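Peer 1: Guided by the hints, dock chain B onto chain A, whose structure is given.
Protein sequence lines correspond, in order, to chains A and B. If you want the numbering used here, it's the 1-based position in the first sequence plus 11. If you want the numbering used here, it's the 1-based position in the second sequence plus 26.
I should point out that these hints are in silico values taken from the structure, not numbers from a laboratory. Treat the numbers as computed from the prediction; the structure is a model and nothing was measured. Positions of the beta carbon are idealized from the N, C-alpha and C atoms, including for glycine. Be aware that a few hints might be false.
[Unchecked claim] Listed next, the stretches of chain B that the computed footprint assigns to chain A, with coverage defined by at least 3 CB atoms under 8 Å from CB atoms of chain A:
# : region
1 : 56–62
2 : 74–88
3 : 104–113
4 : 230–239
5 : 278–284
6 : 322–332
[As the list claims (entries may be wrong)] Distance ranges between label pairs, derived from CB positions:
#  : chain 1 : residue 1 : chain 2 : residue 2 : range
7  : B       : G292      : A       : P644      : 52 to 58 Å
8  : B       : Q78       : A       : E684      : 31 to 37 Å
9  : A       : H531      : B       : A269      : 56 to 62 Å
10 : B       : G292      : A       : R678      : 26 to 32 Å
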Amino acid sequence: MNLAVLLLALVALAAPIPAQVSADAVSRPDYRIAVRVEPEQRSLDGKLSLTWTNPSKDDIYDLWFHAYWNAFAHNRSTHLTESGGELRGVKLADEWGWLQVRGVRVGGGDSLAKLEWMAPDDGNKDDKTVFRIKLTEPLKRGESVTVEIDWTARIPRVRRRTGQKDDFLFMAHWFPKLGVYETGNGWNCHQFHATTEFFADYGSYDVTIDLPERYAGRIGASGRGIGEVVANGRVQARFLAPSAADQTSTDFTGRPIVLHDFTWTADPRFVKQEYTFVWKEWAQRYRDEVMATGLALGYGEERLAGRDVAVTVLLAPEHASQGWRHFDATCTALFFYGLWWGSYPYEHITVVDPPWGAGAAGGMEYPTLFTCGTRLFTFPTMRSPESVTVHEAGHQFWYGLVGNNEFEAAWLDEGFNTYTQNEAMIRRYGLSAIATDIGPVPIDAVPVGRTDAEGLAAWLRLEHGPRLGGREWAPLTRSGPLDFWQELPLVTWGRWRDDPRSTDRNGYLSDPDSDVVDTHGWRYVDAQSFRVNSYRRTATMLRTLCGLVGRERFLNGMRLYSERYRYRHPYPDDFFQAFQEGASANVRWFLDAAFRSRATVDWRIDVTEQKVAPKLGYFPGADGTWSMVKEQPQDAQYRADVVVRRDGEFALPLELELVWDDGSKERLTWTREEQLRQAWWKPLADRAPSTRKLTSAVLDPSQRYWLDTDFSNNAWHASRDTRSALRWSERVWSQFTQSLHWFGGLGG
Amino acid sequence: MAEHSDAHPLRWSWRAAHWWGLAALAQVSLGLPMALVFHGWMNSAIGNRYEQGDLFANLSTAFRFDHRESWAQLASQNAATGAVLALAAMLLGMFFAGGWVTMAYQRQHTMRTALQGGGRFFGRYLRVWLCTLGALALWSWLVYGGPWRLGVLGLGAGLPESDWDRMESFRSEWSAVGLRLAQGGIYVLGIALVLTVGDYARLRIAWRDTGGVVREYLGAWWLVLSRPWTTLAPVALVGGIEAALVVLAGLGARQIEGALGVRQAGLEGVLVLAAISITLVALRCWCRGARYAWAARVVEREVEPLPKPFAWREHVH
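So here's chain A without its partners, still in its complex pose (with noise of 0.2 Å):
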C-alpha cells in the first residue's frame, strides 16, 4: 500500500469516534476500514477498528464475527452443501472466494492466536463462516474494547449477491463483521445459510477504498462519499455511513441515526445518474393517501413529512435509457414506506444495476444501497425493474430500520417488506402487463390457447425427431422468431394484468402446508417454502390483517412496531405485542394462526333459487274451517336456499353481500363465533318466501381476506356470464388458425 493512501488510511482510523447511544443499552459497533483492491488478482486486503461497549448485564468473554465469504471457500461449506454445490443455478468449480484473517489486536495486544472457528447451527468443522476471539479479560457492563484487524480476501465470482465480475465489484458482507450481542442468550451469530441473510448492530462506517485509477468516479457505496484522491495509478475514495451530516443529526423519533452494514460498488463502466427525491412533490400528486394515513395516524403533516433524499443511480451502459424508472420506483418506496412506516432518515440512497453476467448480485438490499436487475428489453407496464427496485428500496424500511434477526426470522422483514411493495405498487403502478418474450424480446401480449407438446404431440408438431448419431433429429426447434411467425402473437394473443396483491397470494397458495412462516430461515424444508413462507404468505397474511381490523387500526398497529423497534431487532412476540397494543385489537389468536401454524381457510357458498307453488289445496281459515285455496299465478314467490360452507383452520368473521331484484342489498356477517361452532352457515333459512328473486350472493364483497385458498367459489349469480367464454376462446380460435396456416405451408 502507497504512502499517501496509508496516511490516508491511518487518519481514518484515528479519528474520533461519534457518541454512544445511551438511553437502552443498545449495542453500537462504530468501524474504521481501509481496503485495497487489485481487480486482475482478485484480491482484497484490508484492515478494520472496531470499538463495541457491552451494553448487557452479562460478562463477556469472547467477541464473535461473520467471516460470510468463506462460504465460498470450498465445495464443504454449509452454504454450498445446503445449496448442492450450486449458486443461483451454477455449479461452482473455479470461482471460489474467501476470507483469511492475518491479523487480531485487541486493546492492543496480538490476539490472531486467540482465533477459533464455530459452527453453532450444524457443527460443520468445514465451514469457517463464524469465528471468535476469545478476550484475555471478560468484558463487564458498560465497558470498551478496541479490535483491530487485519485480513486477506479472494474475491469470489459473483455467484451469490457479491464478488467480482471482469471490472465490477460488488463489495456485500465483505469484511469481518461483528455479531449480536443479546442480553441472556450470548452472542447471536449464525453460519451462512443458503437461505439465510444478515444480522448485525446498528453503528456507523468509515471506509477508505483504494482502486486502480481507472474506477475513479464510478464508486458508489453506503452512505456518502467525502471525496477521491487520484494519484500513482490509483483511487482512494472514502465514505461515511451514515453521511456526516446524518451522524449529527437526529430522525423524526429524536434517535440518532445509524445503520448496521457497508455496501460498495464499483466498475469503470458505470453510467451515473443523479437525481434527487422530493417528498413534497409526492405527497402532492397522492394528497389523498396522506390525508387519510394523517387521519388514521392522527399524525399531522409535519410528522408525516419525509425529507428529500439524494438519489444516485448506477446502470450498466445498455441500460442508461432506464435510469428514470429505476428512479421513480426509488421513489415510489421512500414516498409510501416513509409515509406509512416512518421517514427515511438518511440524505441519499444508491441504486445499482448490476452488469451482463453479474445478475447474481441483483435484486438484493443492504442500508442506503441496494441492487436492482433489468433487461435490455422492457417495457413499462411490465413493471420490470420497477417492481424490484420497490421490493429492494423498501427493504431500507424493514431490515434497515426496523432490524429484525434475518437468520431466525427473515418473513419479518421479507414478508413485511412484499406486503408493503405490492400495496405501494399498485396504487403508484396499477395491473401490471403480463409479457411473454419472444427470444430476448418481451410482447405485451399472451398466447391464450398455448399448450406445450409432450410425448406423441411433440412428434407431430415436428418439436421431436428421430434419435440418430446419440441425438434427436427434431424438424423444429422453439425459438422466439419461429413462434412469432408461427402464431402472429401481435394478430392472435390476448393481453392479461396481474394485480400484484394477487400475485403475493398465488405464491402462498404454491405451498401452503410445508412449514409455518414463524421458522428460523436455515429450517424450512426446502428454499421453495422458505421463499413462500417469508414473501407471499406473510405479505397475504399482513394483507388479511389489515381487512380484518380495518385499515385505520392496521396502520396504527404497524406504526407503532415500526417506530417502536427503528435501529432496533424485534423478535416475532416483539411485533405480536407492538401491533396488538397499536391496533387497540386484541388478535393474537389470528397472528398465532397465520404466522405459527399452516392453517388455511376456503370459504364457498352454494345457491339454490326454488319457486314456491302458489297454494293449492283445503287451509283452515281463521275460523277453523277448511275451504278450498287456490292462489294465482302472479302471488307466486321464491325461496332462496343460500349455504355458505367454511373448509379450513382459518375463521375470520365473514361478510355476506345479498342482491335482489328489486334493487335492495343486504350485509349479513357469519361470526368467528359461529364458524367456530358449525362449519355451515344458511343465513336466509327462517326466512319466509317472498316475491323478491335473488340477483347475486358474494361472500367478502369488499375482498378484505385474501388467504381464500379458492375464490372461485366465492360468488353466486343469477345470470351466467356467456359474454367472456366467447372473448377468449376467439383468442384461441385465432391462434390456432394462423399456426395451422403455417404448419400448413409446411405441407405445401
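Peer 2: Chain B alone, transformed into the frame defined by chain A:
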C-alpha cells in the same frame, strides 16, 4: 377457362378465390375444435360464479390461479388435439399445393382442375414433405446444435463451453442478445429457404410429371442456389406483401385488444378480431397461391422438361 398467361401472379391467384377460399375455410374449421373445447371449459369454469363481464376485459390473476389445475389438464388434452390438427393441416397443405400447381400449369382456374391436381400429386408431395422435414432437422441442428455452439459461441465468440447457454462472459448484454437475435433470425430465414425449396420441388415434380421425388428435391436446391435472384425474388416479394398484411392486421388487432382491455369495446370488438383473423388467413392463402403461380413461371423458364411426352403440352405453349 384458360387464363391469359401474362396475368400477374397476384391477380391470377386472386381469381382462384374458390381455391384459396376453400383453403382458408379448411384452416379456420380446423382451428374450431380447440376453440370449442376451450369455450366449453371456460363456460363451465365461469358457471354462475362470476358477474357478467367480470372476466371480459381481463382474465384476472385470481381466476387463472384458481383454475390452474383444470386449465393445465385442458392444455394437455389440447396439446394432443392440436398436434393432430397440425398434422392434418400439413396434409391439407399438400393437397392444396397440388391444386395450385395444376391450375398454374393447366392455366385453368376451375375447382375441378384444382381438386384433380390435389389428388394427383398428393403422394409425391407427401414425400417432398418428408424431405423437407429432413432438411429442417439438419438446419435446426446447424443453428441450435453443435455447429453453432462450437463454431459461433466457442470459436467465434471465445466463450468457454460452460458458458454457452448463459453467455455471461460477455461484458455487455447487447452481445448476448444480439447473438440470440441473430441466431433466431438466421433460423427463420433458413426455414423460409427450406420451405421455398419445397415449393420449387413440388413445381418441378409437376412440371416434369415425375415420381423421382428425391432427385427433384435435390434439383430444387440446385435451382434455388444456382439462381438465387431468379428463384427467390418473386417469393420474397410475395412474402413481403404477406408480411405487410400481417403487420396491418396486427396493428388493427392490437387496437381492438387494447379497447377490449379497458372496456371500451364489447362483443362487437370480439367479432372484429375474428373477422381480422379470418380475413388474414384468407389473404395469406391467396399469397400462397400467388407464390406458386410466380414460381411456376420460373420453373417453366429454367427447368427442362424430361425427355418424354410433355405432360402439359395441351396447356403450355
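Peer 1: Taking the earlier hints as the rules, which of them does this structure contradict?
Peer 2: Going through the list in order, the structure violates hints 4, 6, 7 and respects the others.
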